[in-house]
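Visitor: Sequence order for the protein chains is V and S. Just so it is clear: in the first sequence, position 36 is 1223 by the numbering used here, and no numbers are missing. Just so it is clear: in the second sequence, position 54 is 936 by the numbering used here, and no numbers are missing.
What the hints contain is simulated information worked out from the structure, not anything from laboratory work. Ideal Cβ placement from N, Cα and C applies to all residues, glycine included. Do not rely on the hints blindly, as some may be mistaken.
[Said to hold, decoys possible] Which residues of chain V face chain S? A few of them, derived with a C-beta cut under 7 Å, are:
#, residue
1, Gly1227
2, Leu1230
3, Leu1232
4, Gly1238
5, Gly1250
6, Tyr1251
7, Pro1282
8, Ala1287
9, Phe1289
10, Gly1290
11, Gln1291
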Amino acid sequence: DAGITQSPRHKVTETGTPVTLRCHQTENHRYMYWYRQDPGHGLRLIHYSYGVKDTDKGEVSDGYSVSRSKTEDFLLTLESATSSQTSVYFCAISPGGPEAFFGQGTRLTVV
Amino acid sequence: GDSVTQMEGPVTLSEEAFLTINCTYTATGYPSLFWYVQYPGEGLQLLLKATKADDKGSNKGFEATYRKETTSFHLEKGSVQVSDSAVYFCALGSNFGNEKLTFGTGTRLTIIP
């Protein structure tokens, strides 16, 4: 398995609270991604990073921000969680090229 | 933009049956194509890939051929097992440096003994 750790694995939070999900890699890969998985939508890209402090938006970035201060860590923040952000969140990494390796996922429930 | 259309599920088959999951794509240029598999409670794992037209990816008895003329990458397996029960995702990735994957909606496969 690729060295990717997501934390927490499960979280329940209240509407309006900030939430931060962490992705940690031990592979020293340049690219890191955050996807969300929802029934009927497959996986959709939220944000991605192509290097330390270099990030860009994906197709569903509204309500989310990211930071990457070290190669190994990529943080996803929900500034003010809403029920529509209830989902399973996956981190992925890649050394380059489109093939990616995925973490185990974080199940987030916003109540 | 890029898109992937995947066979709707769920799909239920008996053990040892033949499996086909259809996948077609729309993309500019010449993308790489992938099948990922997600077992219950786990993340996605790369099952197979093809990087250019007419390439055949294969792994664990699964195969898919990159058909540029029909923009397709159908997943096949000759004899499925209960352990193949999972969700299967078709995906494409641009080779123009944006390093991102576009996924289909996923097909849930259940194999019954």
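Visitor: Confirm or reject each hint.
Guide: Structure-based check of each hint:
| no. | hint | verdict |
| --- | --- | --- |
| 1 | Gly1227 | holds (6 Å) |
| 2 | Leu1230 | holds (4 Å) |
| 3 | Leu1232 | holds (6 Å) |
| 4 | Gly1238 | violated (11 Å) |
| 5 | Gly1250 | violated (20 Å) |
| 6 | Tyr1251 | violated (16 Å) |
| 7 | Pro1282 | violated (10 Å) |
| 8 | Ala1287 | holds (6 Å) |
| 9 | Phe1289 | holds (4 Å) |
| 10 | Gly1290 | holds (5 Å) |
| 11 | Gln1291 | holds (5 Å) |
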